[in-house]
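Q: For reference, the chains in residue letters:
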Amino acid sequence: MKHFSLKATIASAAVVVSMGVTGAAMARVDGDTITLGSSISLTGKYATNGLHTQRGYDYAVKVINEAGGVKVSGKSYKLAVKYYDDESTPARGAQLAERLIQQDGVEYMLGPYSSGMTKAIAPVSEKFGVPMVEAEGASRSLFTQGYKYLFAVLSTSEQYLATAIDFAAEKSPDPKSVKIALAFEGDPFSMDVRAGVMDKINEYGMKVIIDDQLPADLSDMSTTLTKVKALKPDALIISGHSKGAATAARQIDEMKVNVPMIAMTHCEAAKVQEKFPKTSNGFLCPTQWVETLSKSDPMFGSAAEWNAGFKEDYPSYTSVPYQSAQASAAVYVFKKAFEAANSFDKDKLRDAISAVEMETFYGDIKFSAQGNNIAKPMFMRQIDASGTYNLVEKADDMAYPRKVAY
Amino acid sequence: MWDNLQLLFVWAPIINVQIILDGIFVGAVFALSAYGLALVWGVMNIKNLAQGDFVIMGGYLAFALHQLQVPLVLILLIVMPLMFIFGWIIYIVMIRRILDQDMFVSLLATFGLSLLLQQVINLIFGPEVQTIDMEMPVYDAFDNMVTVPSSKIITLVLAALIAVAVVVFMKRSRAGQAIRATAQDPRAARVLGIDIDRVYAFTFAFNAALCGAAGVLVSIIWVIQPFYGITYSVRSFAIVTAAGLGNLPAVIGAGFGIGLFEKYTGTILGTAYEVAAPVTILLLVLIYRQFQMRRNRQVVR
Numbered sequence: 001m002k003h004f005s006l007k008a009t010i011a012s013a014a015v016v017v018s019m020g021v022t023g024a025a026m027a028r029v030d031g032d033t034i035t036l037g038s039s040i041s042l043t044g045k046y047a048t049n050g051l052h053t054q055r056g057y058d059y060a061v062k063v064i065n066e067a068g069g070v071k072v073s074g075k076s077y078k079l080a081v082k083y084y085d086d087e088s089t090p091a092r093g094a095q096l097a098e099r100l101i102q103q104d105g106v107e108y109m110l111g112p113y114s115s116g117m118t119k120a121i122a123p124v125s126e127k128f129g130v131p132m133v134e135a136e137g138a139s140r141s142l143f144t145q146g147y148k149y150l151f152a153v154l155s156t157s158e159q160y161l162a163t164a165i166d167f168a169a170e171k172s173p174d175p176k177s178v179k180i181a182l183a184f185e186g187d188p189f190s191m192d193v194r195a196g197v198m199d200k201i202n203e204y205g206m207k208v209i210i211d212d213q214l215p216a217d218l219s220d221m222s223t224t225l226t227k228v229k230a231l232k233p234d235a236l237i238i239s240g241h242s243k244g245a246a247t248a249a250r251q252i253d254e255m256k257v258n259v260p261m262i263a264m265t266h267c268e269a270a271k272v273q274e275k276f277p278k279t280s281n282g283f284l285c286p287t288q289w290v291e292t293l294s295k296s297d298p299m300f301g302s303a304a305e306w307n308a309g310f311k312e313d314y315p316s317y318t319s320v321p322y323q324s325a326q327a328s329a330a331v332y333v334f335k336k337a338f339e340a341a342n343s344f345d346k347d348k349l350r351d352a353i354s355a356v357e358m359e360t361f362y363g364d365i366k367f368s369a370q371g372n373n374i375a376k377p378m379f380m381r382q383i384d385a386s387g388t389y390n391l392v393e394k395a396d397d398m399a400y401p402r403k404v405a406y
Numbered sequence: 001m002w003d004n005l006q007l008l009f010v011w012a013p014i015i016n017v018q019i020i021l022d023g024i025f026v027g028a029v030f031a032l033s034a035y036g037l038a039l040v041w042g043v044m045n046i047k048n049l050a051q052g053d054f055v056i057m058g059g060y061l062a063f064a065l066h067q068l069q070v071p072l073v074l075i076l077l078i079v080m081p082l083m084f085i086f087g088w089i090i091y092i093v094m095i096r097r098i099l100d101q102d103m104f105v106s107l108l109a110t111f112g113l114s115l116l117l118q119q120v121i122n123l124i125f126g127p128e129v130q131t132i133d134m135e136m137p138v139y140d141a142f143d144n145m146v147t148v149p150s151s152k153i154i155t156l157v158l159a160a161l162i163a164v165a166v167v168v169f170m171k172r173s174r175a176g177q178a179i180r181a182t183a184q185d186p187r188a189a190r191v192l193g194i195d196i197d198r199v200y201a202f203t204f205a206f207n208a209a210l211c212g213a214a215g216v217l218v219s220i221i222w223v224i225q226p227f228y229g230i231t232y233s234v235r236s237f238a239i240v241t242a243a244g245l246g247n248l249p250a251v252i253g254a255g256f257g258i259g260l261f262e263k264y265t266g267t268i269l270g271t272a273y274e275v276a277a278p279v280t281i282l283l284l285v286l287i288y289r290q291f292q293m294r295r296n297r298q299v300v301r
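Residue numbers (the working numbering), protein chains in the order written: chain E, 1 to 406; chain B, 1 to 301.
It is worth saying that the hints were derived from the structure and are not from the lab.
These numbers come from a predicted model, not from an experiment.
Among these hints, one or two may not hold up.
[As the list claims (entries may be wrong)] Straight line, CA to CA, 20 Å or less: simulated SDA-like cross-link-like pairs of lysine to any residue:
1. 207(E) / 4(B)
2. 366(E) / 144(E)
3. 62(E) / 301(E)
4. 256(E) / 64(B)
5. 346(E) / 51(E)
6. 232(E) / 9(B)
7. 295(E) / 364(E)
8. 348(E) / 207(E)
9. 271(E) / 64(B)
10. 171(E) / 390(E)
11. 278(E) / 135(B)
12. 278(E) / 4(B)
Work out the full structure, taking the sequences as your base and the hints as a guide.
A: This is the structure we're talking about:
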């Protein structure tokens with residue numbers, strides 16, 4: 001009996017090992033297909049943005065394959081993506097990343113949606129030395145861990161509102177005299193945004209006259225706004241996700257707050273231009289990408305062409321979210337890196353990714369030693385009286401001071 | 001903090017007016033939901049952790065009706081009966097079964113109800129922040145330093161009307177008398193022919209209706225989100241602990257007190273501490289009571 005079970009164990013172990021080996025070899029490059037892996041949020045709280053991301057990946061894969069795919073050592077390979085739904089829970093994401101790498105033999109990863117999910121998955125891909133190009137995790141803290149295999153095409157969160165401080169400085173004859181009011185939520189993302197803003201403020205030597213932290217259950221920020229009215233700052237900077245933007249817009253209206261410049265994150269997500277059309281006039285809102293951007297590449301064309309092509313494939317979008325655009329850019333980075341490395345070896349590929357330097361429809365891409373993209377700026381848009389978002393490239397493009405008739 | 005104190009008392013004392021007004025508006029809404037909690041707690045000894053979620057549910061009902069272009073007064077008249085029926089159903093399905101159990105069962109059961117309500121609201125309306133924008137004029141004074149939106153004035157008036165109606169109802173009507181009698185001594189009330197089960201059901205449903213009314217007002221003057229209920233639960237508990245059970249004037253007083261305390265804490269220490277303010281009051285009251293009760297405490301041998 002004992003003898004038999006030992007035999008069975010060895011036999012089954014051999015089967016598992018051989019399956020594992022062939023499975024791995026098949027998944028990485030199977031015939032003429034290179035398989036990338038991604039755990040993405042298709043259900044749960046990030047489902048909407050997870051879907052935007054997946055569509056961005058799929059669209060890029062389609063365009064690249066139609067244009068002849070990826071050329072490695074003179075042979076053309078097609079791209080494919082293997083997805084798992086991580087249900088918007090970090091623990092599940094980490095589990096699935098391990099499954100992609102160990103069971104499915106994936107050796108190249110595309111990122112999940114959100115900083116939190118990326119934080120959960122990055123240690124896994126790092127452990128196995130699998131390069132991951134992500135497009136949706138902006139938190140600065142992702143790039144201070146010393147990860148070698150993590151690369152992000154998007155701008156990190158500390159850049160979200162820093163441009164607003166530049167604009168405020170340019171609009172004032174003496175930047176040192178500019179008074180700033182800050183209202184930030186205490187979560188990691190908003191604190192990152194605040195750190196970037198504080199760096200700029202210190203650089204110019206501006207004065208922070210209000211520095212309030214907002215609670216997570218953010219339904220009332222009237223005390224902060226009362227102080228804003230009393231102290232009359234030159235700029236009011238707010239970050240607290242969609243709920244922060246909605247609460248701020250509502251109460252700025254109700255309390256007739258008249259600050260020459262108001263900048264906040266998540267205007268589009270909170271739809272402030274629709275819900276508070278009168279007040280939101282003149283709000284400055286950061287975005288990762290705009291379809292009117294004057295950048296282009298040979299694969300997707302200009303930003304406008306990518307936008308048109310994507311809309312054609314997914315006609316349900318009236319306005320394409322930047323999440324999809326950056327997802328496409330991440331896939332494009334893989335194509336470039338495979339061709340530059342001219343190899344399927346994941347370490348050679350990692351070095352090739354870190355050396356990537358290119359212009360794309362999404363903006364310039366060049367990674368720092370920490371893995372974040374340092375070539376692309378954040379873009380600032382301003383809402384006008386009709387509720388349209390207009391790109392503000394320099395301080396003179398901006399309507400200043402903000403004109404509102406309460 | 002020092003700057004903020006100077007701002008309050010030296011540079012721009014006029015903003016005190018704004019803070020006091022805001023505190024009063026806030027307090028009025030808190031008092032409504034807290035009174036419902038005091039009733040349920042006092043009459044049937046149920047500590048309803050889903051109190052805040054009833055408020056948010058009322059808010060979302062109001063939001064849905066507002067989408068259908070229903071006028072404000074009608075919204076209130078529709079939401080209150082709807083919440084009353086909802087409260088009655090919850091009583092029959094759940095509360096009745098936990099009445100004789102110990103405190104932890106009632107806490108756990110209502111906590112479960114709270115989670116359930118949050119998720120259902122989230123499924124139906126989504127996690128976005130919503131608000132009813134009545135687009136009514138905003139009055140300002142003192143060179144725009146003090147602003148009072150008419151929506152808040154209407155809210156205050158409505159809250160006052162509801163409070164008066166509740167007082168009259170509890171004093172004069174048979175149902176109100178039955179509730180008070182049951183709260184004092186359920187057994188004696190039963191002997192005198194009061195149907196205790198019906199009184200309990202009515203009390204719980206009445207509480208839900210009051211929360212619904214508070215929710216309508218909240219959705220008009222602030223914003224609502226499926227997971228915001230907890231802050232209203234915490235405030236209700238703080239107010240009831242400070243005011244005692246079944247004492248409406250004390251509840252209203254404590255509501256205004258906590259409203260003002262919150263606003264001043266927010267101004268001096270920053271908005272993040274506003275939510276901590278009622279919890280601090282809760283703690284102080286409990287510590288004070290602990291000392292107060294000490295002399296009555298005897299060792300049981």
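Q: Verify the proposed pairing of residue 171(E) with residue 390(E), using a straight-line Cα cut of 20 Å.
A: 18 Å, holds
Q: If you draw a straight line from the CA of residue 62(E) to the CA of residue 301(E), is it 20 Å or shorter?
A: 14 Å, holds
Q: Decide if the proposed pair is consistent with the structure: residue 271(E) and residue 64(B), CA atoms, cutoff 20 Å inclusive.
A: Cα-Cα ~18 Å, so holds.
Q: When you check the alpha-carbon spacing of residue 207(E) and residue 4(B), does it fall within 20 Å?
A: Distance ~15 Å between residue 207(E) and residue 4(B) Cα, so the pair holds.
Q: If you draw a straight line from the CA of residue 348(E) to the CA of residue 207(E), is it 20 Å or shorter?
A: 48 Å, violated
Q: Would you mind confirming whether the straight-line C-alpha gap from residue 295(E) to residue 364(E) stays at or under 20 Å?
A: The given pair, whose Cα atoms are some 8 Å apart, holds under the 20 Å limit.
Q: Straight-line Cα separation of residue 346(E) and residue 51(E) no greater than 20 Å?
A: Not satisfied, since the Cα-Cα distance of roughly 27 Å exceeds 20 Å.
Q: Run the distance test for residue 366(E) versus residue 144(E): straight-line Cα separation, threshold 20 Å.
A: 17 Å, holds
Q: Is residue 256(E) within 20 Å of residue 64(B), Cα to Cα?
A: 27 Å, violated
Q: Is residue 232(E) within 20 Å of residue 9(B), Cα to Cα?
A: 17 Å, holds
Q: Is residue 278(E) within 20 Å of residue 4(B), Cα to Cα?
A: 30 Å, violated
Q: Is residue 278(E) close enough to residue 135(B), meaning Cα to Cα at most 20 Å?
A: 11 Å, holds
Hints 4, 5, 8 and 12 from the list above are not met by this structure, while the remaining hints are.
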